[in-house]
Amino acid sequence: MGQGMLLDCLLPGGSLPGFQESICGISWPENLLEIRFYPLYRNEMSTCENLDPQSDEMLADLIKGQDETLAQKQKAENAFNVLYERHAPILLAFLKTRCHSNLQAVDIAQETWLRAWQKIPEYFDGIHFRGWLFQIAKNLLLDEFRKKKMTSLSAEMYAPELHDATQAFIDQEEKQQLQDCMSQLDDMRQQIVRLRLSGQSHREISETLQVDYTTVQTRFHRAKQFLEDCVQSAQKETA
Amino acid sequence: MLTAFNLPEETDELQQWLDDLLIKPELTSVVSQLSAVHASNSIEEMSLEQILQEQADAVLQQGCRELSSQQIQQLLTHPERLLELQERLFLEGGTFWQERILAASDDAEVKQSQQWLQNQMETPQSAEEKVEVQQAPAYKTVSYRKIGLLGFVSAALILLAVFLNQEPAPAPGWGWNRPGALTADIPAPEYLNKLADSAEEWFNKPTDTRAALETRLKQFRAGCETLINAPHPQLSATDRAWLVERCQVWAGKLDAQIVALNQGADLKTADAEADALIRKLVDALRNRATTVS
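Chains as they are written, first to last, in our numbering: chain A, 1 to 239; chain B, 1 to 293.
Don't read these hints as lab results, they were simulated from the structure. From a predicted model like this one, the values you see are computed outputs, not experimental measurements. Accuracy of the hints is not assured; some may be wrong.
Lysine-lysine pairs mimicking BS3-like chemistry, simulated, CA-CA at most 27 Å apart [as the list claims (entries may be wrong)]:
#1 Lys-218/B - Lys-268/B
#2 Lys-280/B - Lys-138/A
#3 Lys-111/B - Lys-64/A
#4 Lys-111/B - Lys-119/A
#5 Lys-194/B - Lys-147/A
#6 Lys-119/A - Lys-280/B
#7 Lys-205/B - Lys-224/A
#8 Lys-280/B - Lys-205/B
#9 Lys-138/A - Lys-268/B
#10 Lys-111/B - Lys-138/A
#11 Lys-236/A - Lys-280/B
#12 Lys-280/B - Lys-268/B
#13 Lys-218/B - Lys-147/A
#14 Lys-205/B - Lys-111/B
#15 Lys-205/B - Lys-218/B
#16 Lys-73/A - Lys-119/A
#17 Lys-194/B - Lys-73/A
#18 Lys-236/A - Lys-224/A
#19 Lys-147/A - Lys-24/B
#20 Lys-218/B - Lys-194/B
#21 Lys-236/A - Lys-24/B
#22 Lys-111/B - Lys-24/B
Counterexamples of contact, computed for chain B against chain A with all Cβ distances above 10 Å [what the hints assert, rightly or not]:
#23 Gln-16
#24 Asp-19
#25 Pro-179
#26 Ala-181
#27 Pro-189
#28 Glu-190
#29 Thr-269
Backbone N, C-alpha and C define an ideal beta-carbon position, used for all residues, glycine too.
Work the whole structure out from these sequences, hints included.
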């Protein structure tokens, strides 16, 4: 990377010194050349974030002094704010993909950050902060699922043991309803649906099954319609 | 509704479809549908690494256009791997993914949460430290009687000022501040339900003016503090820790709501948000009551 690019990434908007020590009260390296020796966040990432003068791990180290003097607590809070601004939007966006509502996602994100603040001194081992943060968030999510499993009869019927985090995020009720509806299709239609949902085109399916192209199209379309109606009525019954 | 059934036919369209889907909440639903459709297939298990092979880094940097049609088919027939891939994109994805994720994110929510968090980080311990710093001259000058007296008067005035600023004073009489609300004489499940009943007293009085809502919020917040500091002897250590932790979270949210109200938040919205928070905490207490013995 040329020096110009390096400066672009370091100094948002192309501004030059005076910027040092001005962000959240954290001491930034005075000599820009020092920056190349700071550990990168993740070697394989190529964002400007990599070149932040303070790596996540260094910021976490500052946070470990939160219980000491007032000045150190202030530094710890500033460092935590930098970490927050760096990772909070991504964490919240991730939680929104895994939660049933925005409110729940915001709630879990807040609790994750609160725990991170409280637990960094004791539990953060100095490696891959975002991974550690996501692990806290996923544990909180699993706790939520477990609570729901205990209080919801329908979830109890379908939910697997939650030792597998990925399984927990699959809507087991939706899966079961669709599976039941699928079993009501004849073999040929089931096969067409499976092939289509494995990414094959109608043309490829017609070649694989030696069935006319239009027939494949029509049968898939009708099967989809049937499954939508079937799942909808199953959902109404459950509700 | 059955989103998975709308997947495009051509490989390049499938790649774009996956790029969009992988950062959306709809993915979990698509994965459920794909899992249902492929449930009876006896397909050999494959890990994400086996599917992505040497394209793993390229996908993290450039998106799904790096995937072959065979790899896409493997992902679709092993749908749980899509969730794993999604998590990796959020954790380690390069600019391609970060920009897409950030474009869809809500800055206001992130800022609001930061405000809430800052309130949480202001621990009682630091408040005490600050008071100690303010009081220090009074102790140091105790041998000089006049100055000592001045110091004492100053400290008393500061304390008085602090006291007067803490309005409203912890309100006796309702919610968790009602005498007997935190009784030790009943078993844990009943106790948690009683706490929920006390919290529901929030709804006993109208909060249709800005002043009424603010006072009520502050009083409820004071009740939270009482709850945080109470011994709850009938609860197990885990349940006690849970309760205190939840109370701290609720207290932080109440603080954020008070701040928002002072900054001119719409009264109706603020009132609805406060009601929603109380309902939520009541539900949490009642749910917990079903799990404790």
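Going through the hints against the structure:
Distance hint between Lys-218/B and Lys-268/B is fulfilled; the C-alpha atoms sit about 17 Å from each other, no more than 27 Å. Using a Cα cut-off of 27 Å, the hinted pair Lys-280/B and Lys-138/A holds, with the two alpha carbons roughly 21 Å apart. Of the pairs offered as hints, the one joining Lys-111/B and Lys-64/A holds, with about 24 Å between alpha carbons and a cut-off of 27 Å not exceeded. Between Lys-111/B and Lys-119/A, the direct Cα distance comes to roughly 22 Å. Compliance with the 27 Å bound is thereby established for this hinted pair.
Between Lys-194/B and Lys-147/A the alpha-carbon distance is near 20 Å, which keeps this suggested pair within the 27 Å criterion. Pair hint Lys-119/A plus Lys-280/B holds up; C-alpha atoms about 26 Å apart against a cutoff of 27 Å. This hinted pair does not check out: Lys-205/B and Lys-224/A have alpha carbons roughly 53 Å apart, beyond 27 Å. A C-alpha spacing of about 18 Å is found between Lys-280/B and Lys-205/B, which places the hinted pair at or below 27 Å, so the restraint holds.
Restraint check: the Cα-Cα separation between Lys-138/A and Lys-268/B comes to about 34 Å, which exceeds 27 Å; the hinted pair is violated. Of the supplied pair hints, the one linking Lys-111/B and Lys-138/A holds, its CA atoms being roughly 22 Å apart against a limit of 27 Å. Among the hinted pairs, Lys-236/A with Lys-280/B is consistent with the structure: their alpha-carbon atoms are about 26 Å apart, no more than 27 Å. Straight-line distance between C-alpha atoms of Lys-280/B and Lys-268/B comes to about 18 Å, which keeps the hinted pair within the 27 Å bound.
With a C-alpha separation of about 30 Å, the suggested pair Lys-218/B and Lys-147/A falls outside the 27 Å cut-off, and the hint is violated. Of the pairs offered as hints, the one joining Lys-205/B and Lys-111/B is violated, with about 31 Å between alpha carbons and a cut-off of 27 Å exceeded. Annotation: proposed proximity of Lys-205/B to Lys-218/B holds, straight-line Cα distance about 14 Å (limit 27 Å). Using a Cα cut-off of 27 Å, the hinted pair Lys-73/A and Lys-119/A holds, with the two alpha carbons roughly 15 Å apart.
Proximity of Lys-194/B to Lys-73/A is assessed by CA-CA distance (about 38 Å); at most 27 Å being required, the pair is judged violated. Distance hint between Lys-236/A and Lys-224/A is fulfilled; the C-alpha atoms sit about 18 Å from each other, no more than 27 Å. Distance restraint check for Lys-147/A and Lys-24/B: the Cα-Cα separation of roughly 25 Å lies within the 27 Å cut-off, and the hinted pair is therefore satisfied. This hinted pair checks out: Lys-218/B and Lys-194/B have alpha carbons roughly 21 Å apart, not beyond 27 Å.
Straight-line distance between C-alpha atoms of Lys-236/A and Lys-24/B comes to about 26 Å, which keeps the hinted pair within the 27 Å bound. Using a Cα cut-off of 27 Å, the hinted pair Lys-111/B and Lys-24/B holds, with the two alpha carbons roughly 21 Å apart. No beta-carbon of chain A is positioned within 10 Å of the beta-carbon of Gln-16/B; the least distance is around 13 Å. The claim that Asp-19/B lies off the interface holds: its Cβ sits roughly 14 Å from the closest Cβ of chain A, which is beyond the 10 Å cut-off.
A cut-off of 10 Å between C-beta atoms confirms that Pro-179/B is not in contact with chain A; the least separation is 31 Å. Distance check on Ala-181/B: its Cβ is at least 25 Å (rounded) from any Cβ of chain A, clearing the 10 Å threshold; non-interface status holds. Every CB of chain A lies more than 10 Å from the CB of Pro-189/B, the least distance being 14 Å, so the non-interface label holds. For Glu-190/B, the requirement that its beta carbon stay farther than 10 Å from each beta carbon of chain A is met, with the minimum near 18 Å.
No Cβ of chain A comes within 10 Å of the Cβ of Thr-269/B; the nearest lies about 14 Å off, and the non-interface call holds.
Of the numbered hints stated above, those contradicted by the structure are hints 7, 9, 13, 14 and 17, listed in ascending order.
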